[in-house]
Structures are given as structure tokens and as C-alpha cells.
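From first to last, the protein sequence lines are chains A and B.
The numbering of the first sequence is our numbering, which starts it at 1 and goes up by one.
The numbering of the second sequence is our numbering, which starts it at 192 and goes up by one.
Derived from the structure by calculation, the hints contain no laboratory data.
Keep in mind the model is a prediction, meaning the values are calculated, not measured.
Ideal Cβ placement from N, Cα and C applies to all residues, glycine included.
Any given hint could turn out to be false.
What the hints assert, rightly or not - Which residues of chain A face chain B? A few of them, derived with a C-beta cut under 8 Å, are: (1) Arg-178; (2) Lys-183; (3) Thr-186; (4) Leu-189.
What the hints assert, rightly or not - Result set (BS3-like, lysine-lysine): computed pairs, CA atoms no more than 25 Å apart in a straight line: (5) B:Lys-381 <-> A:Lys-183; (6) B:Lys-375 <-> A:Lys-120; (7) A:Lys-183 <-> B:Lys-375; (8) A:Lys-168 <-> B:Lys-375; (9) B:Lys-381 <-> B:Lys-198; (10) A:Lys-149 <-> A:Lys-168; (11) B:Lys-381 <-> A:Lys-168; (12) B:Lys-285 <-> A:Lys-145; (13) B:Lys-325 <-> B:Lys-279; (14) B:Lys-285 <-> A:Lys-183; (15) B:Lys-331 <-> B:Lys-299; (16) B:Lys-381 <-> A:Lys-191.
Said to hold, decoys possible - Computed, partial: chain A to chain B, Cβ under 10 Å: (17) Ala-137; (18) Ala-138; (19) Val-141; (20) Asp-142; (21) Asn-144; (22) Lys-145; (23) Thr-169; (24) Leu-171; (25) Asn-172; (26) Pro-175; (27) Gln-182; (28) Ile-185; (29) Glu-187; (30) Phe-190; (31) Lys-191.
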Amino acid sequence: MESAEIFLWAGNILYLTSYLVSGIFLLRILSIIGGLALMGYYFLVTNGPLWQPVIWGVAFFIINAVQLYLLFKSRKPVRLSPQEYETLQRIDPALDHKLYRMWMEIANISKGTASENIHKDSVAVHIQENGVNLVNAAGFVDANKREPKSVQLSQNDELLSWNIDELKTRLNELPELRTFWQKLITEQLFK
Amino acid sequence: MSNKFPKPIPPDLSSFEVKNEKQESVVFNTFWQDTPALIIFVRHFGCIGCTAQMDAISPRINELCNLGVNLVIIGNGGANFIQGFKDKFQLNDKPVSIYTDPSLKSYKLAEMKRSFWTVFSFRSLADYIRSFSKGIGQSKVQGDNWQQGGALLVDQEGMLHFHFQNKSVAGIADTNDLIAAVQKLMVSQKTE
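If we strip away everything but chain A, and leave its shape as in the complex, we get (with noise of 0.2 Å):
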């Protein structure tokens, strides 16, 4: 067999084992070694360099580790401190990480004993020690209900306001975030 040979059974041996896995992760480190694998046989046949699919080799190269490497960065865990942690256990411990903290990067947060106001054009999770209230809902679903409103904390209260245009652009850039917060409000509002 000739050396350059091996290159092309290692390449589609490699292809073929990429496409019996499930797990996109282990299918794209698959095609990328594959594809190493079929342009050295490229390079080294007799009467080559082919430089032609060596080429496009490279160009598959680039592609499959960008996206390998974008998978591996959305896969990376959230990590919350401690307080983060102790927030989301009294809103919704079923909430997924990411989308709390992407939906708590927006948020201003106030503690403590103090009276706070809610600008008409934001809307509130107010965190008690007997539960969650919204401030300035219907606000939020509807432009015309928006008005301001006064907020009084006690210790061990936490608020957590919005813009309300900012939330909703969030909110539609993630539809799990935003059916989240609809149940949210339907619970406030409606029960």
C-alpha cells in the first residue's frame, strides 16, 4: 500500500465513525481528524500535491473548529456566587442558570430596609420573605397601565427592576426567558 494511501482508509474510517455517533461534540472532532487525515493523503499521492481538495480541506478545517469551539462555549456551566444562588432559590430554583443569569445581567438590584420607586417605565420582582410580587405588571403587558409606583423593603427583601423595553428585547432574544416571566405574570395577575 502506498504511504499516502493510509492517510485516505484513516480519513473515511475516521468519516464513517462520525457518522454512526449521536453527540454533534464527538461528530465534529471526528470530521476535523478525518479531515486532516484525507489531506495528507492529498498532499502526499503520487502525481499530487491535489491542491484543489487540499484546499477545501482547510476550509472545512476552519469551519468544523469555529463551531467546535462556539459548541464548546455554550456548553460552558454558569457558575453562581453564593448570593446569585440564594436569589434564584427564592424566585424559581427550576430555572435554568443561563437564562437567570442572562436575564439578571439587566437587573438593577436594591436590599435592605428602604422605600424604592419604580419609574413607570420599569417593572419589579419584589422578593419577600412569604413570596414573589411584580410591581408595575400590567405595565409591562400593557404600555397604557404603566405607572409608578413605591416600593417598601424590609430586611431580607430583595428588588429587582427592569427597563421595561430593555426586559422585552432580552425576553425576545430568549423564548424559554420569556415564557418563564408570562408565567410569571399570569400568576401575579390572574390567579
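Since the structure of chain A is provided, determine the placement of chain B on it from the hints.
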């Protein structure tokens, strides 16, 4: 229908009759007699579009009930297919009513699309691929294959607050958009 809401439901649609699984006629305007009605038109009872629609709306049925809305599903297959549809999507004990209109007249009055191209477009091809990737397959045709569905939200006065036409086989209204429209209507009624 124009895009300005609220606007009155066409009188012919309001007085139109559909059939339940026992072949009994029910007039459309009874759906919104006491509470607003969210009326979802599906295609025939066996299609991937119907499955996609029911898979999307089923987890939110109790939420719609808590919002105080009457959820109605209208298909176009025979009335004998309704019970199978209910069984398939576990709807027997859920607060949702299912009717059928094999004549397709209510679909036309509600301005839902019907054409060969809505079934064989690239968009519909993408719908099929997306559905298959989620494990949703095509069942036997149980109604008119060319009719597409959509959604209406109607208040107790017969005023339309939301209208959506499906433009392809599984091009259904976003469930979050449906819930948002319902919440907006109910908030406006709650404080009046």
C-alpha cells in the same frame, strides 16, 4: 382583514356553525359568549403542523385557563377524527374544546391561507425537516391537505384582538406571542 386591532369579527364567521365529535353543531359566537376565546385553526388532524401546534400550546393550556380564556381548536377533518386527536395529545381532561369544519368556510371567513404552494414551498420543506429533527412525523391525511391554519383572539364583544395566518405547514404563531396577546387583553379588561 386589516392589521388594526381591535376590529369586529366578520358577521358571517360569528354566526358560522362547526361540529363537535358527536356531529352536533355549535355556533362560533358561543366561544366568546362569557370569556374571550383563543381560537386556533389547525390543518387536518394528522399533519406535522397540527402536531407542532399542539406540542407548543399543550404545556400552556392550564396557563390559558388561569388567564380566563376559552381555548378552542378547529380542524377540518371528519368529526370521527376528533377523539383520536384528543387521545394523541392527551387533551381529554384539559380545558380545551375541539371542533371541525370540513367545508373550510370558517377558514376562508377567518382569512386563513389555502394553496398548493403553502404545502410545497421551501418554507414548508424547512418545516418538515425541522419537525423530523424533533421526532415529529406525518400521520395519515385526516382532512384537507392544502388548508393552512392560524389563530384568532376574540373578546366577549366579538372584537378581534389578534390574527395570525400560518404561511406554511408548520409556520404556527409563536406561543409566547399568543400568550402576550391574551395577557394584554385580560389586563385591559381586569382594570376596567
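Going down the list of hints, with the structure as the test:
Satisfaction of the interface hint for Arg-178 (chain A) is found here, the shortest Cβ-Cβ separation to chain B being roughly 5 Å, below the 8 Å cut-off. This hint holds: Lys-183 (chain A) has a C-beta 6 Å from the nearest C-beta of chain B, less than the 8 Å allowed. Interface restraint check for Thr-186 (chain A): the shortest CB-CB distance to chain B comes to about 5 Å, inside 8 Å, so the restraint holds. With a cut of 8 Å, the hint placing Leu-189 (chain A) at the interface with chain B holds, because the nearest CB-to-CB distance is about 7 Å.
Distance restraint check for Lys-381 (chain B) and Lys-183 (chain A): the Cα-Cα separation of roughly 17 Å lies within the 25 Å cut-off, and the hinted pair is therefore satisfied. Restraint check: the Cα-Cα separation between Lys-375 (chain B) and Lys-120 (chain A) comes to about 17 Å, which is no more than 25 Å; the hinted pair holds. A distance of roughly 14 Å separates the Cα atoms of Lys-183 (chain A) and Lys-375 (chain B); the hinted pair therefore holds under the 25 Å criterion. Distance check on the hinted pair: Lys-168 (chain A) and Lys-375 (chain B) sit about 14 Å apart at the alpha-carbon level, within 25 Å; holds.
A C-alpha spacing of about 20 Å is found between Lys-381 (chain B) and Lys-198 (chain B), which places the hinted pair at or below 25 Å, so the restraint holds. At most 25 Å may separate the alpha-carbon atoms for a hinted pair to count; Lys-149 (chain A) and Lys-168 (chain A) meet this at roughly 19 Å. Between Lys-381 (chain B) and Lys-168 (chain A), the direct Cα distance comes to roughly 22 Å. Compliance with the 25 Å bound is thereby established for this hinted pair. Straight-line distance between C-alpha atoms of Lys-285 (chain B) and Lys-145 (chain A) comes to about 32 Å, which puts the hinted pair past the 25 Å bound.
Of the pairs offered as hints, the one joining Lys-325 (chain B) and Lys-279 (chain B) holds, with about 17 Å between alpha carbons and a cut-off of 25 Å not exceeded. Proposed proximity of Lys-285 (chain B) and Lys-183 (chain A) is supported: the alpha carbons are some 18 Å apart, at most 25 Å. Note on Lys-331 (chain B) and Lys-299 (chain B): the hinted pairing holds, with a Cα-Cα distance of about 24 Å set against a maximum of 25 Å. Distance check on the hinted pair: Lys-381 (chain B) and Lys-191 (chain A) sit about 12 Å apart at the alpha-carbon level, within 25 Å; holds.
The interface hint given for Ala-137 (chain A) holds, since its Cβ lies 8 Å from the closest Cβ of chain B, which is under the 10 Å cut-off. Hint status for Ala-138 (chain A): holds, given a least beta-carbon distance of 5 Å to chain B, under 10 Å. A hinted interface residue such as Val-141 (chain A) counts as satisfied when its beta carbon comes closer than 10 Å to some beta carbon of chain B; here the least separation is about 5 Å, so the hint holds. Below 10 Å, beta-carbon pairs count as interface contacts, and Asp-142 (chain A) has one with chain B at about 5 Å; its hint therefore holds.
Given hint, Asn-144 (chain A) at the interface with chain B, holds; its Cβ is 8 Å from that chain's nearest Cβ, closer than 10 Å. Taking 10 Å as the C-beta cut-off, the interface hint given for Lys-145 (chain A) holds, the closest approach to chain B being about 6 Å. Here the hint on Thr-169 (chain A) is broken, as its CB sits about 14 Å from the closest CB of chain B, past 10 Å. Restraint check, Leu-171 (chain A) versus chain B: the minimum CB separation of about 8 Å is within 10 Å; hint holds.
Annotation: interface hint on Asn-172 (chain A) holds; nearest CB of chain B at approximately 9 Å, less than 10 Å. A hinted interface residue such as Pro-175 (chain A) counts as satisfied when its beta carbon comes closer than 10 Å to some beta carbon of chain B; here the least separation is about 6 Å, so the hint holds. Look at Gln-182 (chain A): its Cβ gets to within about 5 Å of chain B, closer than 10 Å, so that hint holds up. Hint on Ile-185 (chain A) holds. Least Cβ distance to chain B is approximately 6 Å, under the 10 Å limit.
Hint on Glu-187 (chain A) holds. Least Cβ distance to chain B is approximately 8 Å, under the 10 Å limit. This hint holds: Phe-190 (chain A) has a C-beta 5 Å from the nearest C-beta of chain B, less than the 10 Å allowed. Interface restraint check: Lys-191 (chain A) against chain B, minimum CB-CB distance 6 Å, threshold 10 Å, status holds.
When the structure is compared with the earlier hints, violations turn up for hints 12, 23 and for no others.
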